[in-house]
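Residues per chain are reported as follows:
Protein chains: 2
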Amino acid sequence: MPNKIFTRDDLDNMERIARLKFINCLSGFKSGNLIGTADPTGHTNLSIVSSVFHLGANPPLMGMVMRPHTTPRHTWENIQETGFYTINHVHKDITSAAHQTSARYPRETSEFDAVGLTPEYTTTLKAPYVAESQIKIGLSFQHHLPVELNNTLIIIGEIVEVIVPHQTILEDGFLDIEAANTVAVSGLDRYHYTTGIHRLSYAKSDHWPEEL
Amino acid sequence: MPNKIFTRDDLDNMERIARLKFINCLSGFKSGNLIGTADPTGHTNLSIVSSVFHLGANPPLMGMVMRPHTTPRHTWENIQETGFYTINHVHKDITSAAHQTSARYPRETSEFDAVGLTPEYTTTLKAPYVAESQIKIGLSFQHHLPVELNNTLIIIGEIVEVIVPHQTILEDGFLDIEAANTVAVSGLDRYHYTTGIHRLSYAKSDHWPEEL
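Line by line, the protein sequences give chains A and B.
So in the numbering used here, spot 43 of the first sequence is number 43, and the numbers just go up one at a time.
So in the numbering used here, spot 24 of the second sequence is number 236, and the numbers just go up one at a time.
Where hints are given, some of them may not hold.
To spell it out: a stretch of chain B is covered by chain A in this simulated footprint if at least three of its residues, at any positions, have a beta carbon under 8 Å from a beta carbon of chain A; those stretches are [what the hints assert, rightly or not]:
1. 228 to 242
2. 264 to 278
3. 288 to 295
4. 370 to 380
Honestly, the hints are just simulated from the structure, not real lab data.
Being a predicted model, the structure only gives us computed values, none of them experimental.
Cβ atoms here follow ideal geometry from the backbone N, Cα and C, with glycine treated the same way.
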């Protein structure tokens, strides 16, 4: 396929929204997650993010990027005030409801009610899970790293609870998120389902990886 | 589907490798990218990472998580010494070669040679692109954020060049990474291709999102 090369000047000269859409696609496929929080009085909030990333397994840590000066500001305030949040996978059947949580609702409106998703609690943490999600993670807020280059924050949480369907857990510990219909996200607004190509064996320098 | 709930104790008591595989799946789908670098003498290095994430569009920034005490240590050394690296999307036809870059090769072996991928250069930066990749991004290293909780680093780079097939660029700036056969990754070792569900309109509180 013939290529187009964008110099940095080309990028800087793109129309603002087109550049936003374009740059958002460049990192590859992203996770699609709903962040569930509550304020200290129990008033719930829900917001979709495509910026959750794996940070480490031991201790079990996850990161996510937040833009505190735009949405989802209420999420970040609730995390600071209560110390807890949930990460809930978006699956095929709830993409529109999940996407709709990014609309600017007034603080007194819970996005759960506005988009028709159901808050669900365990005794472990005060943040609400999304009942409709298949894969749900409860986190305790640990730390935030300010990124001065663009005034964003990287929020780091430690996993305190995981809720997954029995049938998605494979023998070796691997979790079949595809079987849970978890979606992948590209750019600002596109949702994808996936088809497995293969799992590959741990790479060693003396032989080619094998399909597991 | 009936659920299994993992408490934090359950996670801590899992066998080490099983826990590693399990926790790595929890963030959802991940990007699959090859990081191309060279040392100051031009000796090349290539390593697969699933930790690249979008950090911001203006300025155009990308982040990635590195574990400097394990692999890919040579990548991080080269980034520090030269100030440049490339991010190259893994697509359907190169998953095995890409995966194999994670084997521990001696420093004098270039993973490009070892796995059969081809270094390619522009005049903009001294780091090698992967000729076989469809979507390639050149970055200038800006900053690293140490994550003390688990001794990882978040490496932040600013985009200086983007090379993409003409036919993947849509009218509104959106990039069709699915048309470029970019894969999604889950956990440590599974590769997926994607099928688009829909793009959804910018969310507004007074109406439901529409398919674009």
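I'd like to know which numbered hints this structure contradicts. Please list them from smallest to largest.
Violated hint (a single one): 3; every other hint is consistent with the structure.
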